Amino acid sequence: AQSVTQLGSHVSVSEGALVLLRCNYSSSVPPYLFWYVQYPNQGLQLLLKYTTGATLVKGINGFEAEFKKSETSFHLTKPSAHMSDAAEYFCAVSGSGTYKYIFGTGTRLKVLA
Amino acid sequence: KAGVTQTPRYLIKTRGQQVTLSCSPISGHRSVSWYQQTPGQGLQFLFEYFSETQRNKGNFPGRFSGRQFSNSRSEMNVSTLELGDSALYLCASSFGTGDNQPQHFGDGTRLSIL
Numbered sequence: 008a009q010s011v012t013q014l015g016s017h018v019s020v021s022e023g024a025l026v027l028l029r030c031n032y033s034s035s036v037p038p039y040l041f042w043y044v045q046y047p048n049q050g051l052q053l054l055l056k057y058t059t060g061a062t063l064v065k066g067i068n069g070f071e072a073e074f075k076k077s078e079t080s081f082h083l084t085k086p087s088a089h090m091s092d093a094a095e096y097f098c099a100v101s102g103s104g105t106y107k108y109i110f111g112t113g114t115r116l117k118v119l120a
Numbered sequence: 652k653a654g655v656t657q658t659p660r661y662l663i664k665t666r667g668q669q670v671t672l673s674c675s676p677i678s679g680h681r682s683v684s685w686y687q688q689t690p691g692q693g694l695q696f697l698f699e700y701f702s703e704t705q706r707n708k709g710n711f712p713g714r715f716s717g718r719q720f721s722n723s724r725s726e727m728n729v730s731t732l733e734l735g736d737s738a739l740y741l742c743a744s745s746f747g748t749g750d751n752q753p754q755h756f757g758d759g760t761r762l763s764i765l
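Here the protein sequences come in this chain order: A and B.
Sequential numbering of the first sequence, starting at 8, is according to my numbering.
Sequential numbering of the second sequence, starting at 652, is according to my numbering.
Some hints here could point you the wrong way.
If you want a taste of the chain B side facing chain A, the calculated C-beta under 10 Å gives, among others [as the list claims (entries may be wrong)]: (1) S684; (2) C742; (3) F746; (4) G757.
Cut-off 20 Å, straight-line C-alpha distance, at most; resulting in silico cross-link-like pairs (DMTMM-like, lysine to aspartate or glutamate) [claimed, not checked]: (5) K56(A) / E73(A); (6) K117(A) / D92(A); (7) K76(A) / D750(B); (8) K56(A) / D750(B); (9) K708(B) / D750(B); (10) K664(B) / E726(B).
Because the hints were derived from the structure by calculation, they are not lab data.
Keep in mind the model is a prediction, meaning the values are calculated, not measured.
Ideal placement from N, C-alpha and C gives every residue a C-beta, glycine not left out.
My request is simple: use the sequences and hints to build the entire structure.
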């Protein structure tokens with residue numbers, strides 16, 4: 008069965024600092040992995056996706072993630088945090104054949120001035 | 652290009668009632684999925700529809716049902732509402748059913764049960 012674990016339900020960084028949000032997955036088949044962001048009172052917006060090919064994936068708003076099969080990880084990074092990055096971030100895996108997506112529990116990012 | 656549209660944005664119901672939520676996918680998208688989001692359980696998959704057929708179903712009781720119309724619009728129905736059904740219900744659409752296709756989400760319907 009597939010699963011996703013996001014370490015740290017809350018992460019705080021200073022404006023301009025590196026953002027690192029962790030995601031580990033469990034899958035018996037090659038996974039498709041996604042990162043989404045959710046702002047208050049809104050739906051989820053796709054940041055980036057890994058399907059096949061290059062393991063370093065670049066997304067919108069300066070975010071990127073690296074698929075590491077040996078570590079079963081897909082951590083999200085951004086070199087320099089901006090106040091507008093404050094939101095909740097979700098990692099998701101698909102490909103189980105039963106559930107369309109399995110989501111992690113989310114990480115709420117706070118950016119300090 | 653218009654995004655996924657969910658109506659209504661907010662609903663207040665009482666226990667025992669039923670409710671219908673509506674979702675209009677992005678034009679050209681034929682797959683529609685529904686999710687329930689709560690603080691305690693997070694985001695949970697309800698079901699997916701493609702070409703008016705339910706393809707997958709999550710682990711929810713039969714009180715939760717859905718359907719899809721020929722224009723790909725979808726509705727979700729919850730009968731005999733319980734307090735625990737209070738949640739944000741999100742609809743997502745994608746062009747096809749492939750697992751590698753990203754889903755595009757609406758802003759959700761926030762359902763409150765009194």
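* Would you pick out the hints that fail for this structure and give their numbers low to high? => 3
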